[in-house]
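In case you want the letters, here they are:
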Amino acid sequence: MGAAVKRQTQSLMLLILGGALLNISAFSSTYVNYVKPGFRPLLVGAGAVLVILALASFIRQWRGQGDGHDHAHDHGPRVAWLLAVPVFAIVLIAPPALGSFAAGGEDDGPAPRPPAPAAFRKLSDGVPQLALGEFIGRAYDPAGTSLAGRQVRLTGFVVPSKKKNLWYVTRMQISCCAADALALKVAVRGVPAPRENSWVQVTGSWIPWKGKIPNGYVIPDMTATDVVKIDQPAEPYE
Amino acid sequence: MTQGTPLDWPGAEDHLPPDSWGRGPARESWLPWSFVGLVALLVAGRFLLAPHLTAPALQTWATIFVAVCVQALPFLVFGVALSAAITAFVPASFWTRALPRQTYAAVPVAGVAGAVLPGCECASVPVASGLMARGVAPAAALAFLLASPAINPVVLVATAVAFPGDPAMVVARFGASLTVAVLAGWIWARFGRSEWLPVPRRTAAPGHGKWGAFVDAMCHDLLHTGGFLVIGGLTAATLNVVVPRSWLTSVAGIPVVSVLVLALLAVLLSICSEADAFVAASLTAFSPTAKLAFLVVGPMVDLKLIALQAGTFGRPFTWRFVPLTLTLAIGVSFVTGWVLL
Numbered sequence: 000m001g002a003a004v005k006r007q008t009q010s011l012m013l014l015i016l017g018g019a020l021l022n023i024s025a026f027s028s029t030y031v032n033y034v035k036p037g038f039r040p041l042l043v044g045a046g047a048v049l050v051i052l053a054l055a056s057f058i059r060q061w062r063g064q065g066d067g068h069d070h071a072h073d074h075g076p077r078v079a080w081l082l083a084v085p086v087f088a089i090v091l092i093a094p095p096a097l098g099s100f101a102a103g104g105e106d107d108g109p110a111p112r113p114p115a116p117a118a119f120r121k122l123s124d125g126v127p128q129l130a131l132g133e134f135i136g137r138a139y140d141p142a143g144t145s146l147a148g149r150q151v152r153l154t155g156f157v158v159p160s161k162k163k164n165l166w167y168v169t170r171m172q173i174s175c176c177a178a179d180a181l182a183l184k185v186a187v188r189g190v191p192a193p194r195e196n197s198w199v200q201v202t203g204s205w206i207p208w209k210g211k212i213p214n215g216y217v218i219p220d221m222t223a224t225d226v227v228k229i230d231q232p233a234e235p236y237e
Numbered sequence: 000m001t002q003g004t005p006l007d008w009p010g011a012e013d014h015l016p017p018d019s020w021g022r023g024p025a026r027e028s029w030l031p032w033s034f035v036g037l038v039a040l041l042v043a044g045r046f047l048l049a050p051h052l053t054a055p056a057l058q059t060w061a062t063i064f065v066a067v068c069v070q071a072l073p074f075l076v077f078g079v080a081l082s083a084a085i086t087a088f089v090p091a092s093f094w095t096r097a098l099p100r101q102t103y104a105a106v107p108v109a110g111v112a113g114a115v116l117p118g119c120e121c122a123s124v125p126v127a128s129g130l131m132a133r134g135v136a137p138a139a140a141l142a143f144l145l146a147s148p149a150i151n152p153v154v155l156v157a158t159a160v161a162f163p164g165d166p167a168m169v170v171a172r173f174g175a176s177l178t179v180a181v182l183a184g185w186i187w188a189r190f191g192r193s194e195w196l197p198v199p200r201r202t203a204a205p206g207h208g209k210w211g212a213f214v215d216a217m218c219h220d221l222l223h224t225g226g227f228l229v230i231g232g233l234t235a236a237t238l239n240v241v242v243p244r245s246w247l248t249s250v251a252g253i254p255v256v257s258v259l260v261l262a263l264l265a266v267l268l269s270i271c272s273e274a275d276a277f278v279a280a281s282l283t284a285f286s287p288t289a290k291l292a293f294l295v296v297g298p299m300v301d302l303k304l305i306a307l308q309a310g311t312f313g314r315p316f317t318w319r320f321v322p323l324t325l326t327l328a329i330g331v332s333f334v335t336g337w338v339l340l
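Heads up: the sequence lines are chains A and B, in that order. Here the first sequence stands for residues 0 to 237, numbered as in numbering that gives the first Met the number 0. Here the second sequence stands for residues 0 to 340, numbered as in numbering that gives the first Met the number 0.
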């Protein structure tokens, strides 16, 4: 195959990659499974640049203007084929948001991002909906026990436990992309575990620490009174 | 590197005939069909294969792999665009005026200049390569390459947010990263050989116009670095899924080993430098020095970056430069941690 055909294949690669990027960011919201929601404009921009660049390159070749200096390193074109791998992964595996496999099993694991205690307001009346990170932060809040005796509602997916009468309501926390995800878990007692990986809304109250706040990181417990199955939230990560 | 040295490979531009020779219309006609074929393959696969590819380990692996690629691509596109703009629009004379003539003086200047590029490490590789192609001394471009992802404002703010009430960590990260970058640049200036780091590319071909050169350079770089980004993403995702996090906590208490383990973890995980502070902060069992090593090593040496560097600068360069940087980063982290934290 001539250099020109090779170059057209390469432009095709860019076009498909840009299309896949636009497809998960501009035309659907699949991208929230992989990165923070704030990334959307960046992804749309990058996808658009890739598509425009591929088209510009096609036009240049069609008009016979393409430069011929690619052969300076011949391994370049070959490695470019790899750009198809993420496209195939996106389309064929359609990777979902990280679930119970990534959240791991029993280990207490690394602590979540340190919460800022100053940010905690008084809990609103009724049964407030809390993010798992806030629940854990309040459980570890040295200033007081804002959770004590309060009914709260948590949203997450189900991670089973080997321990009896216990499962974890879990949410992954990401700061940039799914590669840096940490599992936020709260142990749920008092209700049977729903199906693994299903999304639920748990209503219940925190079980206070026996004695002092633990030194290392220990998963906080709650007694649940009610579990409702829900659809996966629009933003799967916290 | 000046133009016309043997490293510019004179003649590489014309040892093959121009595109137009022997290019018949018949060869082009397969292209639309191959596009249709590929899309049809993907659509068919979506319905036939996707329902069966649901093993949790495979899905987790794919999510992390796609996440690494998707997250890095905008920065890569930005870096490649900047690099192409540098080659196409900024005259070479600008750099000789902007940077000190002496390489040893240019290295720290370039390192500090890294503070102004608000990107992660994926952007800095193509930019450094563009700088070299434009005649900036390789040692100075390398100092920029190492410093930029670690000490830019976005990363420093992220570090301050991740370590609330601990400004020493931000100072230590800035100081240690800049020191490593400058030392690595100086060592390369002193001992590096030009045949390890060929700068074969792109002295904007005359007669094509600046926009043409821009489009060509960007396509070429994107395909090239993008391919290597995929290699890095594949390895990082695999190790992310395979290496259990639980063995980490078991070594957290051992003084020197814990630092080395977190440095190794930074290499394996290949987390973007804008996010690594949050991960470091979550490793509560480890000493501040170990966390600092994680923050200093990560933006300079990781699997994704090694793949990108090997693709951009060649393997002879990479297998010398990566161990040098890693050793320096760990050593400087030890010293900084001992002094500051």
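Treat the hints as calculated values from the structure; they're not laboratory data. One should not assume that every hint holds.
Covered, in the sense of this in silico footprint (three residues per stretch, anywhere, with C-beta under 8 angstroms from a C-beta of chain B), are these stretches of chain A [said to hold, decoys possible]: (1) 16-24; (2) 79-89; (3) 126-140; (4) 178-185; (5) 218-232.
Cβ coordinates follow ideal geometry from the N, Cα and C atoms, glycine included.
Results of checking the hints against the structure:
1. Only residues whose beta carbon comes within less than 8 angstroms of a beta carbon in chain B count, and the stretch 16-24 of chain A has 3; three or more means the coverage holds.
2. Counting residues of the stretch 79-89 of chain A whose CB falls under 8 angstroms from any CB of chain B gives 10; the rule of at least 3 is met.
3. Residues of the stretch 126-140 of chain A lying with their CB closer than 8 angstroms to a CB of chain B number 0, which falls below the three-residue condition for coverage.
4. Coverage of the stretch 178-185 of chain A by chain B holds. Counting CB-CB distances below 8 angstroms, 3 residues qualify, and the rule asks for three or more.
5. Counting residues of the stretch 218-232 of chain A whose beta-carbon sits less than 8 angstroms from any beta-carbon of chain B gives 0, not enough to reach three: the coverage restraint is violated.
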